[in-house]
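Participant: Could you put the whole structure together from the sequences, leaning on the hints where they help?
So the sequences go chain by chain: B and G. Here the working numbering = 1-based position in the first sequence + 364. Here the working numbering = 1-based position in the second sequence + 1343.
It is worth saying that the hints were derived from the structure and are not from the lab. Even for Gly, the Cβ is constructed at its ideal location relative to N, Cα and C. Be aware that one or more of the hints could be misleading.
If you anchor each label on the Cβ, the simulated ranges turn out as follows [to be verified]:
#1 G374/B / I1405/G: 54 to 62 Å
#2 A1374/G / A517/B: 32 to 40 Å
#3 R1362/G / D370/B: 25 to 33 Å
Take a look at the letters that make up each chain.
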Amino acid sequence: MNASPDPFAGAEDAALLVAYANGDGQAARYLTARLLPRVLAQATRMLGNGSEAEDVAQDAMMRLWKIAPEWRQGEAQVSTWLYRVVANLCTDRLRKRRGGVPLDQVAEPPDPSPSAVAQMQTQARMMALSDALAQLPERQAQAVSLRHLEGLANPEIAQIMDISVRSVESLTARGKRALADIMAGRKAELGYDDDEPE
Amino acid sequence: MTMTNPNDDMLDDLFAQARGTSPVPGDALMARVIADADAVQPRAVAAPVARPGLMMRMLDAIGGWPAVSGLAMATVAGIWVGVAPPASVQDVTAAMMGDEVSINLFTTDLILDAGALGDG
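Facilitator: What follows is the structure, encoded as structure tokens:
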């Protein structure tokens, strides 16, 4: 697929979605190639776990396929809609994690090389961040992740979460403060004891 | 003036590391997502065919327009045979139905007699 030129190049995501809903066999392939990397990245950053993130990404894309026949061009951006769906699916997962066994156990690498150890530490930090997000109220977790993990601007977050920009500011400020407090106890464990942040 | 949380540096570093995480979807995940899309894709529906009217249905029942032209030819031929029967047909008709007999109901004599009565 990558070898052939994209026949939908220049077309908006919504136009591809409508083409898919109208029975175009190729539209879903190009739409998947466009959207899945970002969907998977958002889920991975929030969940800190590759296989859980893949499940969420597949679920989010399935919801997109199912809503395609009702999609109205111009009413919403596909990317905005997907940010919202992925954020909701991830907070659902985080809520379940809160009540169960934390997933912050990272397996010992069979390869003890410095790069493998560093990779393991990064993985442990990402999982710790995700576990900390799980302890926040859901709206705070979503706002913080969209602002600080996705790097989105407040007006865009407001659109995704369907709230005012002011509410976004409030949620992100409170969420970040709470997150810092939760993470404070894990400083040494995550290698932030005496070395400078990388 | 805002207070700086001493843990903000760690948090900002964690956020930066998370933003740097950009997993590439594997072939298996791509295949699963595309299979899902194919499974729930609305099928292109053919435009509904308009139901033919009574006239067209009757026409179809007798074999369509070619049959109609054949019927028309047969009808014209039948009328022609009736109006101007060929000699051979007349002979056959005579043999089958008997000779043609003409009876004049209003004979000239009767009309004349009626005139005579009126005069009288």
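Participant: None of the hints should be skipped; say for each whether it holds.
Facilitator: Hints, one by one, checked against the model:
Evaluation of the 54 to 62 Å hint for G374/B and I1405/G yields a pass: the beta carbon distance comes to about 56 Å. With their beta carbons about 35 Å apart, A1374/G and A517/B fall inside the hinted range of 32 to 40 Å. Between R1362/G and D370/B the CB atoms are about 27 Å apart, so this pair conforms to the stated range of 25 to 33 Å.
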